[in-house]
Amino acid sequence: METSDSNSSHNLTWLRSVADMVTCFIMAVMLLRGFVLEGYLISTGSMAPHLRGFHKRIVCPSCGHIFAFGISFDESVSVSDMTATRSDGSEKTAVCPNCGQANIDVSAVPNSHGDQLLVQKHVYDFRRPKRWETIVFRNPAAPEEAYVKRVTGLPGESLQVIDGDIYINGTIARKPWPVLQEMRIPVCELNHLVDSEDWQMPWEADVGWDVAGGRLQTMDLSDDLSSAPATVSSDDPPETMQWITFRYWLWSGGDHFSETPLSPQSAGGEWEHAIRRFSSVPVSWISRLDYDRDREVLRCEGVMPQGIQQDLLNHADNAEFRNAIFRLAARSHLAPVTDQYGYNALISARHYRVRDLSLHAVLGWHEAPAMIQVDVPCEGELFQVRLMPEKQLIELYSVDHDLVLESTTFETRTVPPAPGDTHAENLAGVELDASAIDGQVVVAVNGNACFEPFIPRQSNDSGRILPSNLDERLAPSIRASQDALLVEQQQQWRLGVTGAGVQVVDLQMYRDVYYTPGRERNGIREPYPIPRDCYFVQGDNSPVSSDSRSWGDPCVPHRLLVGKPFVVHLPSRPAILQLGSRDILIRIPDWKRIRYIH
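If you're matching positions, the sequence shown starts at 50 in the numbering used here and goes up one per residue.
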């Protein structure tokens with residue numbers, strides 16, 4: 050009997066210990082949730098693509114690029130703005146933000162949850178938020194709702210959105226490198242190309258570049274350097290530089306204008322014949338083409354569809370007119386970068402031209418090249434980032450002033466082989482970022498800024514041509530001229546290599562967030578004075594964000610701040626589990642979406 054009593058006592062002690070542990074755990078969770086940490090689920094897409102609301106995970110059938118397609122938006126988006134829907138309201142099509150593939154059927158793609166944020170509560174009881182910080186706060190109009198936005202204006206400041214940038218007290222607010230790196234939005238990447246004769250990659254490569262092993266690489270150019278100096282210096286770059294030049298090539302659509310010269314003698318009869326031929330049928334494309342007799346140019350809005358091109362060519366007898374059609378069709382694919390979001394394919398919104406770009410490249414080699422160079426246009430000036438791997442030296446050089454502005458050393462890193470290439474060896478290499486954003490040139494190697502951002506002299510010149518000046522009410526001839534100027538400026542971005550064979554492991558072009566006018570209530574037409582203990586907040590997905598630009602009560606009082614989100618945790622995505630003949634929709638962890646938040 051004593052043994053039985055002893056066992057019973059032991060079991061009770063064990064159960065009591067377990068109960069104590071569970072109680073302590075619950076109390077710890079309650080304390081953490083109440084005073085330290087709390088989780089929040091994002092439902093809308095105002096901070097996309099960096100923080101996602103409810104969305105669909107789309108894999109482009111043409112280039113393989115994976116992107117988020119938003120399905121939930123806040124009150125800033127009206128039902129009339131929703132364009133890509135079926136009659137029953139289900140989502141219909143998406144557009145790939147990388148290659149431009151349109152009409153991607155997403156109706157059968159399962160929905161994904163929004164990002165879950167772990168928020169450090171009460172952190173702002175001990176300090177003030179900084180500009181560009183992401184914060185969680187209570188909606189001033191409905192305190193039971195929690196919002197997540199980015200702080201753009203601080204107490205006592207005067208804020209105005211001009212040409213997509215934030216101006217504080219009349220001066221542009223410049224993002225530091227970590228913020229710039231987090232906020233920039235992909236435009237196109239070299240690793241996801243389309244295998245189609247109808248598509249062209251957004252980079253134009255010299256003949257010295259070739260595709261091998263799934264990567265773009267240069268041939269060994271050392272034999273071509275016999276006439277070059279024995280030692281390559283920043284003052285005397287070699288003439289054998291092999292370039293990759295950026296050109297934003299649109300597959301279809303767009304609202305840009307393109308022109309090509311055409312004399313009235315050649316255009317008159319052919320153009321009038323085309324107008325008469327289609328005057329009796331409901332064809333909408335004719336409004337996208339126009340002949341300007343005063344300027345003697347043939348003009349097209351957006352990309353000229355292949356069907357239109359073929360129709361005009363089939364009915365044209367004049368050789369000059371036919372050549373003009375060929376030229377215009379080719380030029381119409383080259384467009385300014387805009388603030389288009391793949392996330393917002395459901396939404397009908399005006400697209401703004403974006404000047405602020407950032408180039409990201411990962412390069413690898415067996416033998417160090419003599420020089421790697423990136424040309425960076427910024428505020429009407431041209432700069433060159435020059436890397437000399439043999440010397441482990443990097444310079445920022447001003448072409449206009451023929452002057453080395455900054456110089457420092459760097460270390461190479463190991464570059465892995467191409468995905469799926471199991472026989473290739475690791476390479477020595479470098480990760481290079483060059484940005485012209487917020488009127489400053491920022492250079493980073495292997496993720497770290499090399500030197501202080503350089504600000505050109507013309508950075509605050511209010512007379513420069515800017516994207517938002519492309520008012521839709523302007524004459525098409527003016528818009529065409531300004532679009533052509535922007536395309537020319539974009540094509541100044543290029544990457545060059547000389548001295549040895551180099552593999553391009555990764556090459557991407559990014560753009561800055563472009564803050565749109567919204568409803569033009571606050572901080573758009575004139576500076577907005579931010580009250581004491583209040584903050585001006587905005588979403589990264591500016592076209593669909595309900596924020597301080599549009600609210601009747603624009604600013605967020607400090608007392609409504611909940612805390613700082615610092616990590617995206619517990620992300621998941623839908624997957625299909627096959628059990629015999631049955632397909633079961635399940636959710637699996639999406640580890641790539643786990644990350645820290647600035």
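Honestly, the hints are just simulated from the structure, not real lab data. Errors might be hidden in some of the hints.
[Unchecked claim] No farther apart than 25 Å at their CA atoms in a straight line, the calculated lysine to any residue pairs in the SDA-like style are these: (1) Lys440 with Gly429; (2) Lys440 with Arg399; (3) Lys179 with Phe459; (4) Lys179 with Pro189; (5) Lys170 with Arg644; (6) Lys141 with Arg622; (7) Lys440 with Ala524; (8) Lys179 with Glu87; (9) Lys179 with His162; (10) Lys179 with Ala222; (11) Lys440 with Glu428; (12) Lys105 with Val616; (13) Lys141 with Ser92; (14) Lys141 with Phe459; (15) Lys641 with Pro189; (16) Lys105 with Ala157; (17) Lys179 with Gly88; (18) Lys105 with Arg636; (19) Lys170 with Asp582; (20) Lys179 with Pro98; (21) Lys641 with Ala222; (22) Lys141 with Pro189; (23) Lys440 with Thr458.
[Said to hold, decoys possible] Here are the in silico distance ranges between beta carbons for each label pair: (24) Ser328 with Arg631: 29 to 37 Å; (25) Ser92 with Pro580: 22 to 30 Å; (26) Arg399 with Pro578: 22 to 30 Å; (27) Asn372 with Pro465: 29 to 37 Å; (28) Pro638 with Gly113: 39 to 47 Å; (29) Arg581 with Pro159: 17 to 25 Å; (30) Lys641 with Ala368: 37 to 45 Å; (31) Gly113 with Asp259: 17 to 25 Å.
Cβ coordinates follow ideal geometry from the N, Cα and C atoms, glycine included.
Here's how the hints hold up against the structure:
Distance hint between Lys440 and Gly429 is unfulfilled; the C-alpha atoms sit about 31 Å from each other, more than 25 Å. For the hint pairing Lys440 with Arg399, the CA-to-CA distance comes to about 48 Å; that exceeds 25 Å, so the pair is violated. Taking the CA atoms of Lys179 and Phe459, the gap is near 30 Å; set against the 25 Å cutoff, the hint is violated. Taken as a hint, the Lys179 and Pro189 pair is honoured in the structure, with Cα atoms around 20 Å apart against an allowance of 25 Å.
About 18 Å separates the Cα atoms of Lys170 and Arg644, which keeps this hinted pair within 25 Å; it holds. Straight-line distance between C-alpha atoms of Lys141 and Arg622 comes to about 20 Å, which keeps the hinted pair within the 25 Å bound. Pair hint Lys440 plus Ala524 does not hold up; C-alpha atoms about 53 Å apart against a cutoff of 25 Å. Distance hint between Lys179 and Glu87 is fulfilled; the C-alpha atoms sit about 21 Å from each other, no more than 25 Å.
Restraint check for Lys179 and His162: not satisfied, since their Cα atoms lie roughly 29 Å apart, outside the 25 Å limit. Straight-line distance between C-alpha atoms of Lys179 and Ala222 comes to about 12 Å, which keeps the hinted pair within the 25 Å bound. Only pairs whose Cα atoms come within 25 Å are accepted, and Lys440 paired with Glu428 is rejected, the gap being roughly 30 Å. Between Lys105 and Val616, the direct Cα distance comes to roughly 21 Å. Compliance with the 25 Å bound is thereby established for this hinted pair.
Distance hint between Lys141 and Ser92 is fulfilled; the C-alpha atoms sit about 20 Å from each other, no more than 25 Å. Under the criterion of a C-alpha separation no larger than 25 Å, the hint pairing Lys141 with Phe459 is inconsistent with the structure, at around 49 Å. Taken as a hint, the Lys641 and Pro189 pair is broken in the structure, with Cα atoms around 34 Å apart against an allowance of 25 Å. Taken as a hint, the Lys105 and Ala157 pair is honoured in the structure, with Cα atoms around 10 Å apart against an allowance of 25 Å.
For the proposed pair Lys179 and Gly88, the alpha carbon gap of about 22 Å is at most 25 Å, so the pair holds. Between Lys105 and Arg636, the direct Cα distance comes to roughly 13 Å. Compliance with the 25 Å bound is thereby established for this hinted pair. Proximity of Lys170 to Asp582 is assessed by CA-CA distance (about 18 Å); at most 25 Å being required, the pair is judged to hold. Taking the CA atoms of Lys179 and Pro98, the gap is near 22 Å; set against the 25 Å cutoff, the hint holds.
A hinted pair counts as satisfied when its Cα atoms are at most 25 Å apart, and Lys641 with Ala222 does not qualify at roughly 31 Å. Of the supplied pair hints, the one linking Lys141 and Pro189 is violated, its CA atoms being roughly 35 Å apart against a limit of 25 Å. Straight-line distance between C-alpha atoms of Lys440 and Thr458 comes to about 8 Å, which keeps the hinted pair within the 25 Å bound. A C-beta distance of roughly 58 Å is found between Ser328 and Arg631, which places it outside the suggested range of 29 to 37 Å.
Range check, Ser92 to Pro580: Cβ separation about 29 Å, and the 22 to 30 Å hint holds. The given range of 22 to 30 Å is respected by Arg399 and Pro578, whose C-beta atoms sit roughly 28 Å from each other. Our hint of 29 to 37 Å for Asn372 and Pro465 is violated, since their Cβ atoms are close to 48 Å apart. For Pro638 and Gly113, the Cβ-Cβ distance of about 22 Å falls outside the hinted range of 39 to 47 Å, so the restraint is violated.
Restraint check, Arg581 to Pro159: a C-beta distance of roughly 48 Å breaks the suggested window 17 to 25 Å. The given range of 37 to 45 Å is broken by Lys641 and Ala368, whose C-beta atoms sit roughly 54 Å from each other. A C-beta distance of roughly 22 Å is found between Gly113 and Asp259, which places it inside the suggested range of 17 to 25 Å.
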